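Add chains R and B to chain A, keeping to what the hints say.
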Amino acid sequence: MPKLIIDNIPVEVAEGTTVLEAAQSVDIPIPHFCWHPALGKAGACRVCAVKMLDGPVKGIQMSCMLPVMEEMVVSTTDPEAMAMRRSVIEWLMINHPHDCPVCDEGGECQLQDYTIAGGHGIRRYTGTKRTHVNQQLGPYIEHEMNRCIQCYRCVRFYQEYAGGTDFGVMGSAGRVYFGRFQDGPLESPFSGNLVDICPTGVFTDKTARFRARYWDYDMAPSICQECSLGCSITPVARYRELLKIIGRRNDAVNAWFICDRGRFSAATPVNNPLRPRTPRIEGREAGWDSALDAIVQRVSELLKNHGPGCIALVGSQRLSLEGMALLPELSTIMLADAPCYFCDERERVQTSAAVTGLTGAISASMADIRQADCIAIVDVDLMAEAPMMVLAVRQAWRSGAGVYSIGETVDLPCECTAVATLDDVPLATAQRPVIICGTSGFTTARQYVSLPMAKGEPVKISCILPGPNSFSAALFSHEHAAISLEQAISSGRIKGIIAVEADIPPELSADIPVIAALDWRNTDTVAAAQIILPTTAWAEMDGTCINNEGRAQHFRKTMNPGLPVHGLNPAGHPSHLHRTIPPGGDLRPAWQIIDELIVRMGGTRTTEQLNGKWEKLRHLDAEGDGLPIYEL
Amino acid sequence: MKIVSDITAIMTGMWITWKHIFRRPVTIQYPEQKRTPYPRYRARIVLTRDPDGGERCVACQLCSAACPVDCISMQAAEGVGGRRYAEWFRINFSRCIFCGLCAEACPTLAIQMTPDFEICERDIMALVYEKEHLLIDGCGKSSEYNYYRHAGIGVTQPRGTGNEERLPVDVRGLLP
Amino acid sequence: MSYDPIDIGIMFAKIALVFFVILTLAAYLVFAERKVLAWIQDRKGPNRVGPFGLLQPLADLIKLLTKEDFRPAGSDKWLFYLAPAMAAIPAIMIFSVIPFGSPVTLFGHQVQLQVADLNVGLLLFMALSAIAVYGVALGGWASNSKYALLGSIRGLAQLISYELSMGLALVPVVMLARSFRLSDIVNAQEGCWFIVYQPVAFVIFLISIAAECKRIPFDLPEAEGELVAGFHTEYSGMRFGLFFVGEYINIIVLGGLAATFFLGGWHGPLLPPVVWFSLKVLAFAFLFIWIRGTLPRLRYDQLMHFCWKVLTPLALINVLVTAWWMVLRG
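If you read the sequences in order, they're chains A, R and B.
The first sequence lines up with residues 6 to 637 when you count with the numbering used here.
The second sequence lines up with residues 58 to 233 when you count with the numbering used here.
The third sequence lines up with residues 2 to 331 when you count with the numbering used here.
In isolation and in its complexed conformation, chain A is listed as follows (with noise of 0.2 angstroms):
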């Protein structure tokens, strides 16, 4: 453990850390462009220098490329240094088309924030700009290499940190190029975080291009929909549109990055202008209280003429857990059986088992599948299930792990061995191996964790689910013995369907008389039912989910809910009415609806969500890790 003093603060780091680190872990900041967390050093871009008073190395170094040593002493702030940092700067910007105003990168730009603290404001430098000819990346990143100051981060995100191959840097001295060989598409599923990684505006979000400004964004740490890893994003929205998605840092679930799939298709749904945004009976609008009350009247009626157990509640993968949570209260007072958390029994079945299979010992995380140095994946196409992971698994074959595949053959941005069984597999051999299965594989993979290991950790599982939330809707459907809708309206007592956020499929519900459905997506469901409640889209609300991991994570309210003003007055701008709700913004979460139709039937109003043993879950932290359930 080196000792060292950097701005008269001793500092005691683990060998092999940076000097910029070092820094970093005593909150001194050290601009920096080609230094990044996740990829390393490069030494491209010299804004990092410092200098050396005292040590091993002397005078003006650049703090990102060298490994701390005993008795090094640091200065940040020595007038050298800073000079040497002015003048970096001002030579990165000699030829930078000074178009801030024009560029989405502006206000949240690293360029612009370190030519501002570093004190470069006058162009002393007469010469002309060099200038590069932008290329069309597809339909999702725009390309404006004026503004690139060559610090290599996308390259070395793009080639090694997601293993494309269609992106890379040509050229050389001044004329260093980032881009495709010709214009095309980026191929790689990863291509989206170059927005996030680019520290100046090469790269630009073209689904939010011209949208907004970073001070204008409503944000807020939420957890991505997409799939059952979670990931951690910032949802950005303005003007009740929510524009794009960034990724925002979980080191024990998606570390830095979020995949193309959670970053450019979560959007359209939400921003939907057709989605439920009014309660209506029988296809007209009507008002909150008498589309609940319709509810309640019917529901009413359905037992009078069938008795209980004739309505069937129905939630879904993806509805929230508070939603989840206030389900078997609803069902009580409704007569009904235990909600129904799936609509395919196979897939209940499956689900539950896998989830009440895992336990903390041997639920893997995604860290844990970074850590990995043996990697078996059964049966399933991990980049059509959960993208990310393959990410994961990329960087453990990047630090030395062997990556195995059983089953289908899987297209992965890394050398993986074909092989017939687990039982291929060097898991015993290996010090921390790992086995990332779906549903339909775990009860194979779930044997394997009792191998005997021949110096290592026992192996590790990291099921896929089918759902955001699945992990959730399987604890609540174990808990309390549900039945899937299948085998419910196959008994054939069910009269009526409650779907809660659910997407059944149209032939199970064809024959079933009363459908009401609360959804903020236009689902079948939706389309069958006769009443129909709005609820609150995910950006909308605050809400809590369980990742595959059983992970429990916290999303938080970004925006109001309300039809997105773009596009709403034919005027072009928006209306000038004063109004407290906004057009198509009377929503409600589903959870509040459940709660509001228990009211309604005779039932008490709950006061405080999550209770009895998801207490521990209320004031969990959004921005943190998470909290896996295993500890409650």
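For the record, the hints were derived by calculation from the structure and aren't laboratory data.
Mixed in with the good hints there might be a few duds.
To be verified - Quick look at which bits of chain B chain R covers, simulated, 3 or more residues with Cβ under 8 angstroms:
{"hint": "1", "segment": "30-44"}
{"hint": "2", "segment": "281-295"}
Stated by the list, open to error - Residues on chain A that point at chain R, a partial pick, calculated with CB under 8 angstroms:
{"hint": "3", "residue": "Trp96"}
{"hint": "4", "residue": "His578"}
{"hint": "5", "residue": "His581"}
Said to hold, decoys possible - Only pairs whose alpha carbons sit at most 27 angstroms apart, straight line, appear in this in silico DSS-like list of lysine-lysine:
{"hint": "6", "chain 1": "A", "residue 1": "Lys56", "chain 2": "A", "residue 2": "Lys46"}
{"hint": "7", "chain 1": "R", "residue 1": "Lys91", "chain 2": "R", "residue 2": "Lys198"}
{"hint": "8", "chain 1": "B", "residue 1": "Lys64", "chain 2": "B", "residue 2": "Lys78"}
{"hint": "9", "chain 1": "A", "residue 1": "Lys63", "chain 2": "A", "residue 2": "Lys46"}
{"hint": "10", "chain 1": "A", "residue 1": "Lys309", "chain 2": "A", "residue 2": "Lys500"}
{"hint": "11", "chain 1": "R", "residue 1": "Lys59", "chain 2": "B", "residue 2": "Lys310"}
{"hint": "12", "chain 1": "R", "residue 1": "Lys188", "chain 2": "A", "residue 2": "Lys211"}
{"hint": "13", "chain 1": "B", "residue 1": "Lys64", "chain 2": "B", "residue 2": "Lys45"}
{"hint": "14", "chain 1": "A", "residue 1": "Lys8", "chain 2": "A", "residue 2": "Lys63"}
{"hint": "15", "chain 1": "R", "residue 1": "Lys76", "chain 2": "B", "residue 2": "Lys45"}
{"hint": "16", "chain 1": "A", "residue 1": "Lys211", "chain 2": "A", "residue 2": "Lys134"}
{"hint": "17", "chain 1": "B", "residue 1": "Lys45", "chain 2": "R", "residue 2": "Lys91"}
This one's a predicted model, so the numbers in the text were calculated from it and none came from an experiment.
Glycine residues also receive a C-beta, built at the ideal position from the N, C-alpha and C atoms.
Structure of chains R and B alone, referenced to chain A:
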């Protein structure tokens, strides 16, 4: 004696105010008498055009960020050739305090203040000016300036032909 | 006093006259104040309503009457409604003991130009001005507002303190006139005004009444710069108007008293007595406006020090000196 000087001071003050009672008032009787404001008087805000006739405003949001009373709002959009412009641009003059920070913040000299201060309305909503009320057909002050000639991303001219620019690099060239 | 219907009629007529004149005068005093202050500041002052702005008081009245009558949440309802009346009514009642002219003969009746010639007139004035303190104190307290409370606490301390020096300044007057009856005091000055005998008492009384009116430089209970509007911060409409007009009635009444006590009341050569009295009152009103246009507000500690360490001892010494002098003269 302090008391003498104190009383003298009070009496001096009383004498001065007494004299002022008989002075001619400096009041200007506004609606009847009008003064010509100076050209740099800070009143009604306009959006100007560049010398080529294009809208100067690029909807960069700096004016709305600088505005201490949050009376400016806008939405940027992409026009022909990647030109950024304001899809809508609104100044709520019932809230504006005419401090001039927006004009100071404007990097393209689009937002400028004019000496026209008589913009009162009976209906307060009539003071919410949209882009069509703000945009004028002229350059206002600084008639020479065209932002896009200096910002090197080639919107009004081919890339690499703006002020102080070299032609684009041939990446595949082998010459050093 | 007889109960002749004519006497009673004359009595009511006097009351009506006093009411009308005082209220009109108070309203125009507001206008005059705005005009004079404007001139002092090289402005024109109100000149839009009617010729030379002369209908301005009427416009102000309409404005005050039509404004929303607002009561803050948590305020003490009845005290809040009562306080403005307690500020304005005692001020106008004091005028009942002031003789504003020499007695005249109407319909064969000897008519005193004074509503009530009490033998304890001076004491009644002291008592009523003490009641006026409650208007300030309760108004501020009942508002349930920190600014109003601070203003009323200041007002309470200030009014009570300056009442003391004001009372002590009047003791020599009573000693010289040998009566509390205001008509006796006026008649005692037929030859020579008391200001000649009692210049110190006059100055003390003048300063004290300025403080009693809560006028600049003694407007600490209102103190716009610090307390929004002091004790009447939460008042609006005509309730504020009562506080406001009460201040100007106070100026008239206290000006009238200063004239009565020190400047010979209605006595004066050539001009009719009522005119003399009016001139003296208006002179005092102008003086107050002029002072307002000149002096800044005192600091609170300066205000209290000035009263307790300067005015009150000086007034006591003045009483002793007067007594000694009267004993020497026999």
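> Is the straight-line distance between the alpha-carbon of Lys64 of chain B and that of Lys45 of chain B 27 angstroms or less?
Replying inline: holds, 22 angstroms
> Is the Cα-Cα distance between Lys63 of chain A and Lys46 of chain A 27 angstroms or less?
Replying inline: Given pair Lys63 of chain A, Lys46 of chain A holds - Cα atoms ~20 angstroms apart, limit 27 angstroms.
> Taking a Cβ-Cβ distance under 8 angstroms as contact, does the segment 281-295 of chain B have three or more residues in contact with chain R?
Replying inline: holds (count 4)
>> Interface hint check: His578 of chain A, Cβ to nearest Cβ on chain R, cutoff 8 angstroms. Holds or violated?
In response: holds, 3 angstroms
>> Run the distance test for Lys59 of chain R versus Lys310 of chain B: straight-line Cα separation, threshold 27 angstroms.
In response: holds, 16 angstroms
> Holds or violated: are the alpha carbons of Lys8 of chain A and Lys63 of chain A at most 27 angstroms from each other?
Replying inline: holds, 16 angstroms
> Does the alpha-carbon distance linking Lys64 of chain B and Lys78 of chain B stay inside the 27 angstroms limit?
Replying inline: holds, 23 angstroms
>> Please verify the coverage claim for the segment 30-44 of chain B: does it have three or more residues whose C-beta sits within 8 angstroms of some C-beta in chain R?
In response: holds (count 7)
> Regarding the pair Lys56 of chain A and Lys46 of chain A, is the alpha-carbon distance no greater than 27 angstroms?
Replying inline: Answer holds: Lys56 of chain A to Lys46 of chain A is near 18 angstroms, not above 27 angstroms.
> For the pair supplied as a hint, Lys309 of chain A and Lys500 of chain A, is the alpha-carbon distance within the 27 angstroms limit?
Replying inline: Holds, at about 12 angstroms.
> Can His581 of chain A be said to touch chain R, with a Cβ gap under 8 angstroms?
Replying inline: holds, 5 angstroms
>> Check the hint pairing Lys211 of chain A with Lys134 of chain A against an upper bound of 27 angstroms on the C-alpha distance.
In response: Holds. Lys211 of chain A to Lys134 of chain A sits at ~26 angstroms (cutoff 27 angstroms).
The structure fails hint 3 only (numbered hints given earlier).
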